[in-house]
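Colleague: The chain contents come next:
4 protein chains.
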Amino acid sequence: MSASRYTYLGPEGTFTEAALRTLPEAATRELTPMVSVPAALDAVRGGEAAAALVPIENSVEGGVTTTLDELASGEPLMIYREVLLPIAFALLVRPGTALTDVKTVTGHPVAQPQVRKWLAAQLPEAVWESAASNADGARLVQEGRYDGAFAGEFAAATYGLTPLVTDIHDAQNAATRFVLVGRPARPAAPTGADKTSVVLWLREDHPGALLELLQEYAVRGVSMMRIESRPTGEGIGRYCFSVDCEGHITDRRVSEVLMGLKRVCQEVRFLGSYPRADEVTASVRPEMTDVAFTEASDWLARCMDGRG
Amino acid sequence: MSASRYTYLGPEGTFTEAALRTLPEAATRELTPMVSVPAALDAVRGGEAAAALVPIENSVEGGVTTTLDELASGEPLMIYREVLLPIAFALLVRPGTALTDVKTVTGHPVAQPQVRKWLAAQLPEAVWESAASNADGARLVQEGRYDGAFAGEFAAATYGLTPLVTDIHDAQNAATRFVLVGRPARPAAPTGADKTSVVLWLREDHPGALLELLQEYAVRGVSMMRIESRPTGEGIGRYCFSVDCEGHITDRRVSEVLMGLKRVCQEVRFLGSYPRADEVTASVRPEMTDVAFTEASDWLARCMDGRG
Amino acid sequence: MSASRYTYLGPEGTFTEAALRTLPEAATRELTPMVSVPAALDAVRGGEAAAALVPIENSVEGGVTTTLDELASGEPLMIYREVLLPIAFALLVRPGTALTDVKTVTGHPVAQPQVRKWLAAQLPEAVWESAASNADGARLVQEGRYDGAFAGEFAAATYGLTPLVTDIHDAQNAATRFVLVGRPARPAAPTGADKTSVVLWLREDHPGALLELLQEYAVRGVSMMRIESRPTGEGIGRYCFSVDCEGHITDRRVSEVLMGLKRVCQEVRFLGSYPRADEVTASVRPEMTDVAFTEASDWLARCMDGRG
Amino acid sequence: MSASRYTYLGPEGTFTEAALRTLPEAATRELTPMVSVPAALDAVRGGEAAAALVPIENSVEGGVTTTLDELASGEPLMIYREVLLPIAFALLVRPGTALTDVKTVTGHPVAQPQVRKWLAAQLPEAVWESAASNADGARLVQEGRYDGAFAGEFAAATYGLTPLVTDIHDAQNAATRFVLVGRPARPAAPTGADKTSVVLWLREDHPGALLELLQEYAVRGVSMMRIESRPTGEGIGRYCFSVDCEGHITDRRVSEVLMGLKRVCQEVRFLGSYPRADEVTASVRPEMTDVAFTEASDWLARCMDGRG
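Protein chains in written order, with the numbering used here: chain A, 1 to 308; chain B, 1001 to 1308; chain C, 2001 to 2308; chain D, 3001 to 3308.
A portion of the hints provided could be inaccurate.
Coverage of chain A stretches by chain B, computed from C-beta distances (three or more under 8 Å per stretch; other residues unrestricted) [claimed, not checked]: (1) 184–191; (2) 246–258; (3) 284–293; (4) 296–304.
Don't read these hints as lab results, they were simulated from the structure. C-beta atoms are modelled at their ideal positions from N, C-alpha and C, and glycine is treated no differently.
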């Protein structure tokens, strides 16, 4: 039954599955790998799954454009929560293989720039060939096609391999951010450390339109955390913007920003308010707290009533 | 009885009285001249008058600081409406005086810069001495102390004088703006051509504080019509700001501006929303109309409800 | 000879003279009191005086509009330096007068609000009448017309009076700011604690024009210290702005602001760069120092040269 | 010899080669296809090629991240010019194949979303499999592996195929933008319709840092044409920005923007000023022309000299 199923970007044994398994509720769900982000999300749209976990951003590769574009178009979806997974590869080998035996290595193309320096230092002679996924690379090692595969350490058991080296990552703090996406629903209650996501289409392409949009945030003291431009498909030079800001739709400074955006943009797609994976509480200026908003609207009511 | 009395900056026969008489309700009120702006306003504060008409701005001399400062301090007052009076002096003389007979002239010091060019052209030899008010100047002509007084044409009859020349004014479009001030009350209903006045004290004197304040207006598309800085009395370099903008407190763009100011300012004093004397309807950008605000808050409610 | 003469707003014995005497060079100049600010400045314009000292701002009364308007119009003038004088009145009486003998007091109208609380507390029965200047008030006490005059303590000797009470001032930190004004010249060398003054006319009265102007300052990290609107004389609603900012015209951040204003304003009148009387050194953000400007233009030159 | 060689993203027969052949100078160069964008650019960095043509943006797929990241890191490179190529696929088949015979199709993964609607309408039963490039897809059709390949019409001859249908593209105005990249050099002379590209790293991740950066453009009236965020590699939430604006580095408004960015950013990489492929002349506000800048600096010089 659909309410008990979560889809995710497969195949099994990839980082997406590992990220999904960090969610407590994953233990009680049927987890179904899908061949692509659109397939994972379409299962949600079609009601065959309650939610889908898909990557949205990688600190080395950048935004996952398929996910961004899927969220920006088609039947509306909503982000329920996010998961941050540090990027750390293991070099998986068949049992008994020593580092000096490794002449050929494989992995997903995205893995390559993240282990390049490590390879150059530790296995300068090794030849790299790309696989369709990290898990697929592990399978190819199992089959003897390559000597080693870069994949998550958790994938070793599935393919009868051994993690020869672990925690490989060229960049410090490298991480992938995943989002759990479902059908539109009431946003989860605010936790005090929340994030709000939207997609924005500028009303007209006048110079300064983007500036105007950022000022909607700035004037209410709401920090923007990420902004990503994506083509609208209408030709070179036409973009929409995927934006995350700190705060929750029920925070009054955020709801006023959202209404402001709604007024000045041609279109706004609300993608949800959800807990920040880093659990960092935004520092809200005293004049932008809910208390300050309430005091100001009480004062306004008094002014309208002749008691200002 | 107080409800039937209006005070004004006297004495009788000045432009303030003329401005007051342009108000239809003046016909049914007892009009009492007062010796100063504070005296006129204190009568309102004390309940001895329903309202007071005082000058607030002159297109030649600038803001009337006494009025600005009285509105910014003490027991709160509110602007009920404004009156614009074109500045046009008459040269009042005793009956029988010809222009060539005029050797000495008088008038309020404020009148002098407004008739200086006319004097230089028409009566280059005439000697000017200041009087306590334009009306007082007329009295001094009546008494024979001077040959001519610059005053409103309407003052002639009161002092048994003749307007020898009328419509004298050096500057084109010169006008004085007066405000009818009463105790705080519900603002008059919006007319579509309204103005809203406040006094603002910046929270701290950080660089850019004034810019921040102006952005509260700009981001909601509300045009500022006048800004005047006044000392707070706390020392050189400390100012508050008297600001008029277009629109009415019940216009949603204006009420959001007011609440924004209330949050970011140390103090806001609401001075009223009232019809513009020039009856110019503000051109409101489509995204800032009440309809746009309502649509945006409906949309927000749908988002919060999972139906965005 | 003119180079040796300084004019000032008279008469003798007023605070303006006291302010002028704080300047070291005053000792070697012929100091000539003039009847009005325009008269003092016209002597400079006409070459009869090298400079004139006039009040420009009072922390209780606000801007001295005659001075502001004179600097904004007519033959250009320039501010060479400023003087800050704390406001402190003495109650001058004829020798032998005791406080209990004082029934009538006088002084310049501007003095009244600055001693009102003191009067209410110490001489609640005393009757106030205004004099043409504080010095004139002292003369009237000398002649026996009033019992006491509020004036500068320094005026006592001139009129054979005794300072019965000194250091009277209702407001803490009350001060008057004076400017020494001369014909346009090379600005004095920067001291590190400087101020730059301009008068600005907006190109067109579009909403947001004032905001645009403030952004010229903000984007270069230059703090505005004072902004005062003045009517242009073209009718209600038309203003120019008198603005002081920190820094010197030769500071690159300030010169870029000035050029930016010159481009976006209808007119800019440069009124000078001169040492701040308070000697406070502006804290300049590291990215806005002359070093940062020089590095940026060196970098630009390298980019243009293909070595960026 | 290197000066006569241009590299491009291969293989032969792709759109990149077609774009390169639109450049007049391509006729006199040796054109060498490379296996990847980094390989094409490294040939330039290493001096083996004078320039490389690589795709940078696609109106359907968005920014080409490899190109963006290569330009932002490593040995500096510069954009010499840009080429816009409308996206239009041909369905290439072996001679004699009819549309009804086409059961399997191939092409580069990027081609798929751009022909999806056409496929659904015309060949709803056809099975898609991805090829390494559009040209490679054509080769696979030649070899009989698939019935049809989506590629540029120009690729037909190379592989002995026939364009069965031409001008296939789901989106109107779909286009790919390519850049010709070389080693840093003096930018080409301005044409009046130019573009300037930079990569910007914010000094610190303070809220509003991006807004500050956009204001550097806005305050000088320079329109931003594209902004793309890219991860810096330092972890989730750390971005740099790839920005194109209208105008040439030698336009004074643009050079002042560049210097402003240099001051407020942690790092700025100048990527070049070059003619716009669309040949649209930017409309420059009168106050932002070179004439206006020159007049303002002349005025500043006069002010410094006491002749303002």
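Colleague: The structure should be examined with respect to each hint, and the outcome stated for every one.
Modeller: Hint-by-hint comparison with the structure:
Three residues within the 8 Å Cβ limit are the bar, and the stretch 184–191 of chain A against chain B gives 4, so the coverage statement holds. Requiring three or more residues with a Cβ within less than 8 Å of a Cβ of chain B, the coverage given for the stretch 246–258 of chain A holds, as 5 such residues are present. Here's how the stretch 284–293 of chain A fares: 4 of its residues keep a CB closer than 8 Å to some CB of chain B, so the rule of at least three is met and the hint holds. Judged by the Cβ-Cβ criterion of 8 Å, the stretch 296–304 of chain A is covered by chain B as claimed, because 6 of its residues qualify and three suffice.
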